[in-house]
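K.L.:
If you want the building blocks of each chain, they are given just below.
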Amino acid sequence: MKLNIEGLLVYFPYDYIYPEQYSYMLELKRTLDAKGHGVLEMPSGTGKTISLLSLIVAYQRVSSAFPLDVTKLIYCSRTVPEIEKVVEELRKLMEFYAKETGERNNFLALALSSRKNLCIHPEVSSLRFGKEVDGKCHSLTASYIRAQRHVNPNQPVCRFYEEFDAVGRQVPLPAGIYNLDDLKDFGRRKGWCPYYLARYAILHANIVVYSYHYLLDPKIADLVSKELAKKSVVVFDEAHNIDNVCIDSMSVNITRRTLDRCQNNVDTLQNTIQKIKETDAAKLREEYRRLVEGLKEANVARETDIYLSNPVLPDEILKEAVPGTIRTAEHFVGFLRRFLEYLKSRLRVHHVVQESAPQFLKDIFDKVCIDRKPLRFCAERLQSLLRTLEIADIADFSAVTLISNFATLVSTYSQGFTIIIEPFEDRTPTIANPVLHFSCMDPSIAIKPVFQRFQSVIITSGTLSPLDIYPRILDFRPVTMASFTMTLNTFNVCLCLVALSSKFETREDFAVIRNYGNLLLEMSAVVPDGIVAFFTSYVYMENIVASWYEQGILENIQRNKLIFIETQDAAETSMALEKYQEACENGRGAILLSVARGKVSEGIDFVHHFGRAVIMFGVPYVYTQSRILKARLEYLRDQFQIRENDFLTFDAMRHAAQCVGRAIRGKTDYGLMIFADKRYARADKRGKLPRWIQEHINDGSLNLTVDETVQLSKHFLRQMAQPFRQEDQLGLSLLTLEQLESEEMLQKITQIAHQT
Amino acid sequence: QNMYSGHCELQSFAPLTESSISQSTMASLSEEVLLVVKKVRQRKQDGTLYLMAERVAWGPEGKDRFTVSHLYADIRCQKISPDGKAKIQLQLVLHTGESTTFHFANESSALKDRDATKELLQQLLPKFKKKANKELEEKNRMLQEDPVLFQLYKDLVVSQVISAEEFWANRLGGINNTDPAVVNNKQEVGISGAFLADIRPQTDGCNGLRYNLTADIIESIFRTYPAVKQKYSENVPHNLTEKEFWTRFFQSHYFHRDRINTGTQDIFSECAKQDEKGLKSLVIQGVKNPLVDLLSLEDKTLDEGYGICTTLPSTSNANKTVKESSNSAIIKRFNHHSAMVLAAGSRKGVFTSLLTASSSETSSTDGNSRDSDFFQPPVKKVKLQEAIEYEDLQRENRPKTVALNLKKSDRYAHGPVPLQSQHYTTSQDIINSVNYIRHEMMNYKPNLTEVLSSTAASSAIAALSPGGVLMQAGAQQAINQMVPTEVQGELKHLYVAAGELLRHFWSCFPVNTPFLEEKVMKMKSNLERFQVTKLCPFQEKIQRQYLSTNLTGHLEEMLQTAYSKFHIWQTRRMMRKT
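Here the protein sequences line up with chains A and B, keeping their order. Going by the numbering used here, the first residue of the first sequence is number 563, and it counts up by one from there. Going by the numbering used here, the first residue of the second sequence is number 519, and it counts up by one from there.
Quick caveat, the hints were computed from the structure, so don't treat them as lab data. All values derive from a computational prediction rather than experimental measurement. Note that CB positions come from ideal geometry on N, CA and C, so glycine has one too. Accuracy of the hints is not assured; some may be wrong.
What the hints assert, rightly or not - Here are some, though not all, of the chain A residues that point toward chain B, as calculated from beta-carbon distances under 10 angstroms: (1) T611; (2) S811; (3) N815; (4) F897; (5) R899; (6) S960; (7) T1135; (8) Y1183; (9) G1293; (10) L1296.
Unchecked claim - FRET-style restraints, in silico, Cβ to Cβ: (11) B:E762 - A:V911: 57 to 63 angstroms; (12) B:N658 - A:R1287: 52 to 58 angstroms; (13) A:F1072 - B:K806: 52 to 58 angstroms; (14) A:D1269 - B:Q609: 58 to 64 angstroms; (15) A:K661 - B:D947: 42 to 48 angstroms; (16) B:S843 - A:H912: 47 to 53 angstroms; (17) B:S843 - A:S907: 30 to 36 angstroms; (18) A:D631 - B:L922: 43 to 49 angstroms; (19) B:K806 - A:V911: 28 to 34 angstroms; (20) A:H893 - B:S843: 47 to 53 angstroms; (21) B:E737 - A:F1072: 34 to 40 angstroms; (22) B:K806 - A:E1306: 45 to 51 angstroms.
Said to hold, decoys possible - Cross-link-like lysine to any residue pairs, in silico, SDA-like; alpha carbons within 20 angstroms at most: (23) B:K818 - A:L875; (24) A:K693 - B:S814; (25) A:K1161 - A:E1196.
Chain A extracted, bound-state conformation:
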């Protein structure tokens, strides 16, 4: 259908539309009009992605008439399947455009992913880990490797990259929609490297879909996204965890193993320097000369040479020459050695140390006379050295890269970071396992350049409640903040708050565990097909499973359904997941025991019969004894005036909402959501759940016993098993164009958006 959204013609590739989609587009358009940032929450399964794409594509098409309004959409999502889904939805939209307008539009949209997902080189792509693929790729495509080939024709290079380098840049990628597989197909056909093709093509593409890291992690963003146009709209989808991604991209952990490997790296560097000095001293002199002239000139590196860019944000990078103390190769290696020795000495502690970056810098100056300035150049200097030495397998040097990145980070930022040195793990105080955490506490640091640089940034997800907390922790001023709820004719969600306790103090209690087990057992007899149960932590789940096993509860559950359990091994869990789906598919029914904050809870959907019930055992608070968390809470309190408890509850609730939201992925889907903990009934917890969950909480579903829950569920499931008919939804939660345009409906729609 064709929609008129406040004067903008929007093509929407479906016959009907949900009212909340219309409302969402309305808010989005207002945000884009204002050239500001927005926070939009809409439950999953209400077609958030297609609404976003429809509106922004329409906006872009109009912009081409008024030049330089919105030239590009940068769509960031979290997982590879999510990225691919977005591109497929976009393809659908573009097919609709082509059908309706009858003209082939010259739109270019593509997905970008890591080499592991795009490489077509037969040997390289067969490697299992992303790190290996990157390293191998580098060893075939680095400029000095390719230069060596002129001398020695036997030097292996990547023919796909060679071909791309020779001709790929002259002809732009033809207009169209390219998913990862399409890029690979195209690459195969042309004999071009799809990865570098994609990286090159994003510069002139209308829509780019990639993962958060390409924009938020300065080490990667500088390489990939540096030249993207400022007149872009950036969308962060599934953004409920965006603060953690920001923090992750600036934090570093150093263990004793890292230091040992680093020691080896430094030794190798030393030997290589020695060798080169004997054979090709001119090379080192040349590097020195360029460094004297300033880093700008040293940066003749090609795209293939840099593995990770500078770990600090671009505006913090010093635009001056490398200081003399680390300019020669030997001096720099010596410098690294001293720094390494210092770190080793710091790890030999017997008690926990926490200090700020300035304290650390002062200490390092006092002890080993290392200045702040050379530290700041450490990362850049190492990159230059690795290039000069023509190191083929750069992945081997990850340890020394990590250390130098740490050096640069710690000397650049005096605020928002903390250093914690722990001599052992809390749970095993007898085993020495010292770790130095350099952890970022302020997510706004990493995302700040994004807000500054791009004209509109949209943060959206199914669970962003309470909405006002994101602008506070990410430190930006949105022009729109809205929460949309799912309109439904009948309730397809049955929410039960079971009055069981799992407070930290009582949760190891025998009776609590047995009550949980009984709940699961009873539900397994009532609910058809799949049930997913989430626990608050992995260790807790292990203990519960063990005691359920001893009490014979699991055996009884097995009479009703098969049991699959998430493990800490991702491959094993993937297999369990697939088997779980198989068991749901063939009618046997299964239960998946999983962990909140785990990989399953973050990335796997349980649509329809794959998840007819979700049970959340307990409140998924983060492990509060962690020192890093404590430091962060302190920082939040001091800097943003967010109380510790508020943040912890907010964090727990967003994860709980994520977990239970896994089962409802659309209006035709239905399922039970069971919160098995009486604390959920309290106002401070309930209030932090997303609106689309809160709506389902009524007095009848509060403080239930296990028996009452079973009764409610039975009734609900029987009702839900009736056929879902489109006619019943039409006019209420599903609108035709005529219905949408009626005055009364437009009135109603304006109320859907819940402004804050």
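Based on the hints, put chain B in the right spot on chain A.
P.N.:
Just chain B now, with coordinates in the frame of chain A:
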């Protein structure tokens, strides 16, 4: 009600087969004797017990014929006298409910003899049991599904015109051979996920545990854990008795997975290793559905060391407590168990679906799809499309279509290619002939001189109309009005039965083996019996009702033809003999 009686007959038909085994024939045929036990008493008579390839037999001492003979297939189960009883006995219970008891009377080795017999029977019986049950079920199913066959069965077998065996002889075989799909299509029954839970150990009062195993549970264990089955066939009965085997099984850590301490002398430790290996290979194979592949979920290539470390999972086993590792062993075990149960339930299904999937994929990628990468997209595409589908946003009026699944797309594209060159009419030919016909039509001139006169034409029409002179032969049509429906039904049954018998009869020709000779004689007598017991009463009945007697004329004719054929054959045979 009819169905029910049919079922009953089937039950009773089992002893029929048994009694039909004449002892003389069995004794003359040489059979493989698996076990001979002397000094076994039956009905207070001393004798010898023989276990043979297909039956168990017993003959009294001093005579060379068996007075007791049971096919394994007829035996429902065996029972043994409890240990410690004075009399050491073994009882065979038949499907019919009858039972035969053997008393092992050899003083020195009675117990050993009995156990040897028991063990051997234990291995033999299940093999035949399945076959017998399956056959019985199959027959039952066929009778229930096919009322005509059921009637035939009643007419021929119940009234003892032919024996049940003869009736089924070529029916079952035919079904099995011509239509294996029907037989194989049976859905296999899966395994309960909780079968191990059903083995509730009971304390036997003196510090021991007692597990009750049934054949079903053992079967479940074997199907779920092929490794255990292998161990069983390797060790039982040569190294261990069955009891010992299962005792060790329940004592092993393999059964109690939470016990970490692996005794290396444990015969099941190898099973555990094998399972582990299987699990690992499954894990390495990876998952087919990319949406559940957690390994490739994240698009992040950063090394370890970056990011907030979220309570580093202690990967090294060294700093894991015993309890933790036992907990994770339990979790592993549950995943493995569920996977195995699932696999056991759908082993066949998975296999075939895999085959079809791969074959369809190879055809879809033009054959050049050796690269494993090529196999992924189709599954992935489908899953992605599924994931972005909003069925309720689309108008429903589109008819549901079934996707065309082409196994060999080239055949679809080219169509059937004639083996020999045939003459086809080309389109040009067709156009030409149409033109020719049109031309003929245009030039058609009625030849009025040779047309019938109007009176002759109308009388011809009258003669050909219903009731006219020439339509008199159509009176036969009225048979369904002349004969009451009940008689018609009876006649139909007679036809079907006669047809069946005649089919058997004619199938004997040419008579070139002694077996066929015998059969043809029997069939002849069957036909005669049919005529006497079925046809003649019917004829009398219709005579009594004053219906035209030629109703059965054709039947008689068919029988006569058969008789005369038989006579010709017999006289020829006599001549040859003399």
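K.L.:
Determine which of the earlier numbered hints do not hold for this structure and return their numbers in increasing order.
P.N.:
The structure breaks hints 4, 5, 8, 9, 12, 13, 14, 16, 19 and 25; every other hint is satisfied.
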